[in-house]
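In this text, residue positions in the sequence shown follow the working numbering: the first is 251, and each later residue adds one.
Hints are computed from structural coordinates only; laboratory data are not their basis. The C-beta atom is built at its ideal place from N, Cα and C for all residues, glycine as well. Don't take every hint at face value.
As the list claims (entries may be wrong) - Cβ-Cβ distance ranges computed for the label pairs, FRET-style:
hint	residue 1	residue 2	range
1	Gly-386	Ala-442	22 to 30 angstroms
2	Gly-573	Gly-475	36 to 44 angstroms
3	Arg-504	Arg-466	50 to 58 angstroms
4	Thr-448	Ala-572	34 to 42 angstroms
As the list claims (entries may be wrong) - Below, in silico cross-link-like pairs of lysine-lysine (DSS-like), each with a Cα-Cα straight-line distance of 25 angstroms or less:
hint	residue 1	residue 2
5	Lys-480	Lys-520
6	Lys-456	Lys-480
7	Lys-456	Lys-520
8	Lys-480	Lys-429
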Amino acid sequence: MKLDYVPTGILWPLVSLIALGVAGCGDDGSGDSSGGTESTSTTTGGQGGAGGGGVTATGTGAGPGSTATTSATSTSSGEPGSTTAATTAAGTTTTTGAGGASASCSYPAEYEDGSVTFYTLDMGSTEVNCSYQITGRNPDIVAHVPFGGGQYFAAMNTADYNSAAMCGACVEVTRDNGKSVQAMVVDQCPIATNPKCTAGHIDLSKNAFLQIGEEREGYLGTTHGGAGGKISWRYIPCPTNGPITFRLKDPTNRYWNEIIVEGHAHPIEKLEVEINGTWQTATRQSYNYFVVGDGNMGAAPYHVRVTDINGSTLEAMLDLKAGDQPASAQLPACR
Numbered sequence: 251m252k253l254d255y256v257p258t259g260i261l262w263p264l265v266s267l268i269a270l271g272v273a274g275c276g277d278d279g280s281g282d283s284s285g286g287t288e289s290t291s292t293t294t295g296g297q298g299g300a301g302g303g304g305v306t307a308t309g310t311g312a313g314p315g316s317t318a319t320t321s322a323t324s325t326s327s328g329e330p331g332s333t334t335a336a337t338t339a340a341g342t343t344t345t346t347g348a349g350g351a352s353a354s355c356s357y358p359a360e361y362e363d364g365s366v367t368f369y370t371l372d373m374g375s376t377e378v379n380c381s382y383q384i385t386g387r388n389p390d391i392v393a394h395v396p397f398g399g400g401q402y403f404a405a406m407n408t409a410d411y412n413s414a415a416m417c418g419a420c421v422e423v424t425r426d427n428g429k430s431v432q433a434m435v436v437d438q439c440p441i442a443t444n445p446k447c448t449a450g451h452i453d454l455s456k457n458a459f460l461q462i463g464e465e466r467e468g469y470l471g472t473t474h475g476g477a478g479g480k481i482s483w484r485y486i487p488c489p490t491n492g493p494i495t496f497r498l499k500d501p502t503n504r505y506w507n508e509i510i511v512e513g514h515a516h517p518i519e520k521l522e523v524e525i526n527g528t529w530q531t532a533t534r535q536s537y538n539y540f541v542v543g544d545g546n547m548g549a550a551p552y553h554v555r556v557t558d559i560n561g562s563t564l565e566a567m568l569d570l571k572a573g574d575q576p577a578s579a580q581l582p583a584c585r
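Turn these sequences into a full structure, and let the hints steer you where they fit.
In structure tokens form, the structure reads like this:
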């Protein structure tokens, strides 16, 4: 479910083309004890910039991670093992700034009085707001989701989504009867079109919701407006042992690009690109891609560095090509 629409642009040599993509907005939802559900809509977008050298921008937000495969079915909240530095010429250069040692987890506080509803992608979602790929419908499956074979995902309320800061975050939702489910944030629940999407609310995928409630219940969280059940939820490390991956928005454009980070176990605080010997901080877009200045990062390979919410860092070299580009390491575990 996406809050607004974002123009998508592609810069070709000496010619600037701008394409406008329109995102529908979810309605106010009808999740209630009679079995109603919450309608949603999403698109992802980007925007091209003019050619020229990279310009320093200010990074914003911290977006948590996901696993590197679509078909993962782990439902644990285990942490990845420590990593050590590894370097190659291009495509897989990685280092762990924390030297592989674990760091203290710096996750947001638990919500003791939360609420949940549910939605399906067929309620209007052409894409999810975090720009992860939809790999299945009926059942709904989103790439990089490590729970329920990719089926247990969630749309975060606008306040906690925080301009894509929580994209890829893993959460554990618990009901007062002891039932719980783990899911990954891949989408936004927009307060502008859905009054239920206040701070503390999560719109779960239908199959995730059914792990803790029945379809007829619709809206859980009695201390947060729901018709039944008390709901609490907290952020947890994503259960991935694979490496972080990167993906370019336009794999054929040498003059403009944006970068998405996927497969990380912890929230990403910042992404930087080294341009002409200087690290330049990228700005995170509301659809979860990072862009440096006007999008021109110079000639590939691109030397990038990510910092997670715990202060650990990892570097990689990216080629100008399509698809996932895995690093050779994962960010250190946190405790």
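Taking the hints in turn, this is what the structure says about them:
The supplied range of 22 to 30 angstroms is met by Gly-386 and Ala-442, whose beta-carbon atoms lie about 28 angstroms from each other. Between Gly-573 and Gly-475 the beta carbons are some 42 angstroms apart, a value that agrees with the proposed interval 36 to 44 angstroms. Against the hinted window of 50 to 58 angstroms, the Cβ-Cβ separation of Arg-504 and Arg-466 comes to about 54 angstroms, which satisfies the hint. The hinted range of 34 to 42 angstroms is satisfied by Thr-448 and Ala-572, whose Cβ atoms lie roughly 39 angstroms apart.
Among the hinted pairs, Lys-480 with Lys-520 is inconsistent with the structure: their alpha-carbon atoms are about 35 angstroms apart, more than 25 angstroms. The straight-line distance between the Cα atoms of Lys-456 and Lys-480 is roughly 18 angstroms, inside the 25 angstroms bound, and the hint therefore holds. Under the criterion of a C-alpha separation no larger than 25 angstroms, the hint pairing Lys-456 with Lys-520 is inconsistent with the structure, at around 32 angstroms. About 11 angstroms separates the Cα atoms of Lys-480 and Lys-429, which keeps this hinted pair within 25 angstroms; it holds.
Of the numbered hints listed earlier, those contradicted by the structure are 5, 7.
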